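So the protein lines, in turn, are chains R and V. With the numbering used here applied, the first sequence covers 1 to 116. With the numbering used here applied, the second sequence covers 1 to 111.
Treat the hints as calculated values from the structure; they're not laboratory data. Everything numeric in this text was worked out from a predicted model, so none of it was measured. Using N, Cα and C, we set each Cβ at its ideal position, and we do this for glycine too. Errors might be hidden in some of the hints.
[As the list claims (entries may be wrong)] Cβ-to-Cβ under 7 Å is the rule here; a few derived chain R residues that face chain V:
(1) F33
(2) L43
(3) L45
(4) P61
(5) F65
(6) F74
(7) R85
(8) S109
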Amino acid sequence: DAGVIQSPRHEVTEMGQEVTLRCKPISGHNSLFWYRQTMMRGLELLIYFNNNVPIDDSGMPEDRFSAKMPNASFSTLKIQPSEPRDSAVYFCASRDDRTVYNEKLFFGSGTQLSVL
Amino acid sequence: GEDVEQSLFLSVREGDSSVINCTYTDSSSTYLYWYKQEPGAGLQLLTYIFSNMDMKQDQRLTVLLNKKDKHLSLRIADTQTGDSAIYFCAVSEGGADGLTFGKGTHLIIQP
Chain R
1 DAGVIQSPRH
11 EVTEMGQEVT
21 LRCKPISGHN
31 SLFWYRQTMM
41 RGLELLIYFN
51 NNVPIDDSGM
61 PEDRFSAKMP
71 NASFSTLKIQ
81 PSEPRDSAVY
91 FCASRDDRTV
101 YNEKLFFGSG
111 TQLSVL
Chain V
1 GEDVEQSLFL
11 SVREGDSSVI
21 NCTYTDSSST
31 YLYWYKQEPG
41 AGLQLLTYIF
51 SNMDMKQDQR
61 LTVLLNKKDK
71 HLSLRIADTQ
81 TGDSAIYFCA
91 VSEGGADGLT
101 FGKGTHLIIQ
111 P
């Protein structure tokens, strides 16, 4: 398997623009997580899905952020409108929750977002 | 909620052992992990330990868990330049929840 695939790797946009980040989890994994990484706050869990259903979105900063998982092989994280403080690395991770004691998260390479 | 704390930096000489420490607050944490992040890359699972274990060894890596003190450590023997990275401690209560990560420890290797 190619692992968790995220696109784009880098995104530079202007304040006010819409940004869409994409993620393809590992095939067969039934949980998907979106994290944001900044120097100040470290890794923050934004939202996670189990079997395509959002379970906990309490980490989503505000209404400008939304996430969807229309099927088991694709998820998007959208920021509209984007602001400079949204600049960070956004990671997607997936996990197979169907196996007991198999809690291991596998991460994508991340999307480096810069909002000017 | 859960709070996970790590030192931000650790500097060691090549060939020495590195010990990265982590403390957490939730005593019901069941799964404890160490992830490694190299520059420009995502996090890679390095090793993990269950809460019913005290120690786990995997080649140059030794994980020690003190459940009473809620303290987790990662020892890297014979530290090499390729070990230079950010090391994240992460804990989970299990189930379908996400992991709670520390802010990461930057391991700096001196020649």
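Item to check | Interface hint compliance - R:L43 to chain V, C-beta minimum distance less than 7 Å | outcome: holds (4 Å)
Checklist entry - Hey, does the R:F33 contact hint survive, CB to chain V under 7 Å? => result With a minimum Cβ separation of about 5 Å from chain V (threshold 7 Å), the hint on R:F33 holds.
Checklist entry - Given R:S109 as an interface hint, is the shortest Cβ-Cβ distance to chain V below 7 Å? => result holds (5 Å)
Checklist entry - Does R:F65 pass the interface hint, meaning its C-beta sits closer than 7 Å to a C-beta of chain V? => result violated (16 Å)
Checklist entry - Is the shortest C-beta separation between R:R85 and chain V less than 7 Å? => result Hint on R:R85: violated, closest Cβ of chain V at ~18 Å, above 7 Å.
Item to check | R:P61 as chain V interface residue, shortest Cβ-Cβ below 7 Å | outcome: At about 16 Å, which exceeds the 7 Å cut-off, the nearest Cβ of chain V leaves the hint on R:P61 violated.
Checklist entry - Do the numbers back the hint for R:F74, that is, is its least Cβ distance to chain V under 7 Å? => result With a minimum Cβ separation of about 18 Å from chain V (threshold 7 Å), the hint on R:F74 is violated.
Checklist entry - Quick one, is the R:L45 hint okay against chain V at 7 Å, beta carbons? => result Hint on R:L45: holds, closest Cβ of chain V at ~4 Å, below 7 Å.
Violated hints, listed in ascending order, are 4, 5, 6 and 7; each of the other numbered hints is respected by the structure.
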